[in-house]
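**Q** If you want the building blocks of each chain, they are given just below.
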Amino acid sequence: MALLELKDVEAGYGRIQILHRVSLGVKEKEVVAVIGPNGAGKSTTFKAVMGFIHYIGGEILFDGQDIVGFRPDQILGRGLAYVPQGRIVFRHMTVRENLEMGGYIERDKARLRQAMEYVFSLFPRLEERQKQLAGTMSGGEQQMLAMGRSLMAKPRMIMLDEPSLGLAPRFITLVFEKIVELSRSGITIMLVEQNAARALEISDRAYVLELGRNRYEGTGQDLLHNPEVKQMYLGG
Amino acid sequence: MGGEGGDPVRAEGAAAGEVTLDIQGLTKHFGGVTAVSNCSFRVPRNIVAGLIGPNGSGKTTLFNLLTGLLRSDGGDYFYKGEPMIGLTPHEIFERGISRTFQVIRVFREMTALENLVAVSRDGDLGEVRRRALELLDFVTLLRLKDEYAGNLSYGQQKLLEFVRALMSDPEVLLLDEPAAGVNRTLLNTLLDRIRQLRGQGKTILIVEHDMKVVMGHCEKIFVLDYGELIAEGLPGEIQRNEQVIEAYFGHK
Amino acid sequence: MSRRVLEVPAAGASLAEGLPARKAALRLAAALALLAFLLWPSLVNVYQVSFVFFGLQYVVLASSWNVISGFTGYVSFGHVAFFGIGSYTTAILMVKLGWPWYLTLPVAGFLAVAWAAFIGFPCLRLKGPYFAISMMGLNEVLRVVALSWESLTGGGLGITMPNAENSVSTYYAGLAVAALTVAMCYAIAHSRFGLRLAAIREDETAAEAMGVPTTRYKMYAFMLSAFWPGVIGGLVAYKLLYIEPDSTFFVAITVNMITMAMLGGKGTALGPVIGAAILYTAQELVWWYIPWLHLIAYGAFIILIVLFMPRGIMGFFIDRGWVAKGVIQ
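Chains as they are written, first to last, in the working numbering: chain A, 1 to 236; chain S, 1 to 252; chain U, 1 to 329.
Hints are supplied without guarantee of correctness; some may be wrong.
Unchecked claim - Estimated spans, in silico, between C-beta atoms of each pair: (1) S/VAL33 - U/ARG22: 56 to 64 Å; (2) A/ARG15 - U/TYR172: 56 to 64 Å; (3) U/LEU126 - S/VAL33: 45 to 53 Å; (4) S/ARG130 - U/ALA117: 31 to 39 Å; (5) U/ALA179 - A/TYR55: 32 to 40 Å; (6) S/GLN200 - A/ARG15: 42 to 50 Å; (7) U/ALA117 - A/ARG15: 46 to 54 Å; (8) U/PHE316 - A/GLN17: 33 to 41 Å; (9) U/LEU28 - S/ARG130: 28 to 36 Å; (10) U/GLY156 - S/GLY126: 42 to 50 Å; (11) A/LYS27 - S/VAL33: 32 to 40 Å.
As the list claims (entries may be wrong) - Partner residues aside, some chain U positions facing chain S, computed with beta carbon under 8 Å: (12) ARG22; (13) HIS190; (14) ALA199; (15) ALA209; (16) GLY211; (17) VAL212; (18) GLU244; (19) ARG320; (20) VAL323; (21) ILE328.
For the record, the hints were derived by calculation from the structure and aren't laboratory data. Glycine included, C-beta positions come from ideal geometry on N, C-alpha and C.
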């Protein structure tokens, strides 16, 4: 039933192990958040799925298929997209060009155009500014662009890495609204977030990691109101 | 519950002996983003204090302002009553404020010993060398004195940078994330040495994310969020402070 | 002054056992080499004297380049400028004012230093590639000035000095200049000044935050790196008895000194000497025996060095523990 599943995953950077038997699952059409204090290994989880870091052990399954060792473009081809931390857009290219880069693996021009219309329908603001240079947009708009770009390959699921990091409060609201919209349009979403409160507000379920290990698990609302989770952030 | 913005006259008065760092309304903008916003607090003399806050709250920027690497857009800061705004990193260093960096900046193609000797002041080389060896021993790195700093492990490099900042025998030590990426053993060594330095009368301000370190080893904690000071107090107080919890957990 | 400090076995302590014997052997070799250099002119013909002379020229250039680029990390792509200034100083003083060649040499050196001080102010604020290219650009400026200012420099026709039998005198002068240059580099490398330069190279921001007066020291290093190239430039001008802008401000000379220093190990005092000796000899041999292959062979040689010995020959020795890692132990 789970679209993305991690079972006892161990991974790290070279000799430093970050994830210690982390397990989590995301069902189709769910919004699942991964939260935790600094150094919890949240972003590392995504990197392990995408194969960016050293894999040590455990299972990573997407749509029932083992994707350990797959190249990022292969993973994207299976329908899992990744939006990295930091709004990495191509600053000297236009919005439209950025989106085209997102659809890079699509050879068919008709399908590419279709994908772009699809992204524009979800992000009308991007359509308005399609000729604008990405580097001149606000942080919030760049985050939209990064998300839109990931949707060009028409993925079934996207992994959002700290979408609100470094954004002004009004853009954070905008970004989270967009995430809810995307979920409603049928895309499965997993997000890693520093801003736990906001992430839990919009999540169906969530996992709390600490120092690379599972700590808590539950629905968004449960965890949002669990005082132990809050205290964990301050070393309690 | 922020720090009070004192006036310069007060800083030069009787309180000067007890307050080492008097930060008044420091501000720094980067383009449209305000990284540090009217930040004020006072660090007492001879203490281990923590400076915490969520990512992007301006902690490292504040350190860069205090050490002269960045020019502030407003506000003042006093060290033992003396104004420090506008001084170069070199001048601030000369007055007794030393720092380590979040991203390690040891001199990689020089040996551990050379790293220390390179930052020494002029003076008898034999004396300098003796002090450098002493400091290396202080952090259990003596046997690696002739090894290239770039070949040391991450934790060892952190320890090296730590003692490099001590070569000038500074009164104030600003440590930027000293615990990040360091294994437990080396971390314990580091924390013990920090305690020893406190015992020698030094004032130490630590930016840190590791809550166990902060809550367990800092006598006083200052909390930043969005570049502003939102709380200061004892570890227990901070842990129960609603505003701080919200800053870390996220604003709804 | 010498204190009994805690003796700690350094890495490679087993090598230390053979150390006294090794050191004695090295000293003996050095003494023999020195003797050979001193007796050289009386043993061989004029061509071979010149051969070694120009090798010494490169020892001076590569070592000096190393002071600003290898020690301090400000890589210059226009160091031949100082050589050129020296050459023209000597030529002009000899031809226009009738000075004897040996008196022109210190002036040549000091004018090169003056130029370094002048351009150092703006240029040492530039980082990495910008500094390198600005040096290259300034060299070109000097070349064009030499080309255009005909009344002073003879323009494209250059300057011709009166004929003289100078093979032996220039050889010994060159030997002295090379010895002094290497001695200066060695002294810098083994001093606290040199350590501070290395700190600037490794991380200028951290160095400054740790109290190293970076602006001043960069300027000192730059000026020191200009002096001996100026002197040797003057000496070479006298030896050749003819100079003109293109061959004096010749970018290939810069390329040569860079590759020699890198081959030998930039950042060490002996590296450029070794690199100059090997590369210069190799160049001449290739030119002599397989001239048609000369450029290809030279290029291939450089590629092999970059691939297999990126830190140069001295780096290779250091990695194997034959040479100590640090200058202060």
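**Q** Give a verdict on every hint.
**A** Here's how the hints hold up against the structure:
At about 60 Å, the CB distance of S/VAL33 to U/ARG22 agrees with the hint of 56 to 64 Å. Separation of A/ARG15 from U/TYR172 is about 58 Å and conforms to the stated range, judged on CB atoms against 56 to 64 Å. Checked against the hint of 45 to 53 Å, the C-beta distance between U/LEU126 and S/VAL33 comes to roughly 28 Å, which is inconsistent with it. As the Cβ distance of S/ARG130 to U/ALA117 is approximately 37 Å, the hint placing it in 31 to 39 Å holds.
A beta carbon spacing of about 59 Å between U/ALA179 and A/TYR55 contradicts the range 32 to 40 Å that was offered as a hint. Under the hint 42 to 50 Å, the C-beta atoms of S/GLN200 and A/ARG15, about 35 Å apart, miss the expected range. Distance hint check: the CB atoms of U/ALA117 and A/ARG15 are about 49 Å apart, consistent with the given range 46 to 54 Å. In this structure the supplied range 33 to 41 Å holds for U/PHE316 paired with A/GLN17, their Cβ-Cβ distance being about 35 Å.
In this structure the supplied range 28 to 36 Å holds for U/LEU28 paired with S/ARG130, their Cβ-Cβ distance being about 34 Å. Checked against the hint of 42 to 50 Å, the C-beta distance between U/GLY156 and S/GLY126 comes to roughly 58 Å, which is inconsistent with it. Checking the proposed 32 to 40 Å range against A/LYS27 and S/VAL33 shows it holds: the Cβ atoms sit about 38 Å from each other. The interface hint given for U/ARG22 is broken, as the beta carbon of that residue sits about 17 Å from the closest beta carbon of chain S, more than 8 Å.
A cut of 8 Å between beta carbons decides the hint on U/HIS190: the least distance to chain S is about 11 Å, and the hint is violated. Checking U/ALA199 against chain S by beta carbon gives a least distance of about 4 Å; that is within 8 Å, so the hint holds. Hint status for U/ALA209: holds, given a least beta-carbon distance of 5 Å to chain S, under 8 Å. The interface hint given for U/GLY211 holds, since its Cβ lies 4 Å from the closest Cβ of chain S, which is under the 8 Å cut-off.
This hint holds: U/VAL212 has a C-beta 6 Å from the nearest C-beta of chain S, less than the 8 Å allowed. A distance limit of 8 Å between C-beta atoms decides the matter here; for U/GLU244 the minimum to chain S is near 41 Å, and the interface restraint is violated. Annotation: interface hint on U/ARG320 violated; nearest CB of chain S at approximately 14 Å, more than 8 Å. The closest approach between the C-beta of U/VAL323 and any C-beta of chain S is roughly 12 Å, which is over the 8 Å cut-off, so the hint fails.
Restraint check, U/ILE328 versus chain S: the minimum CB separation of about 5 Å is within 8 Å; hint holds.
Consistency note: the structure conflicts with the earlier hints numbered 3, 5, 6, 10, 12, 13, 18, 19, 20.
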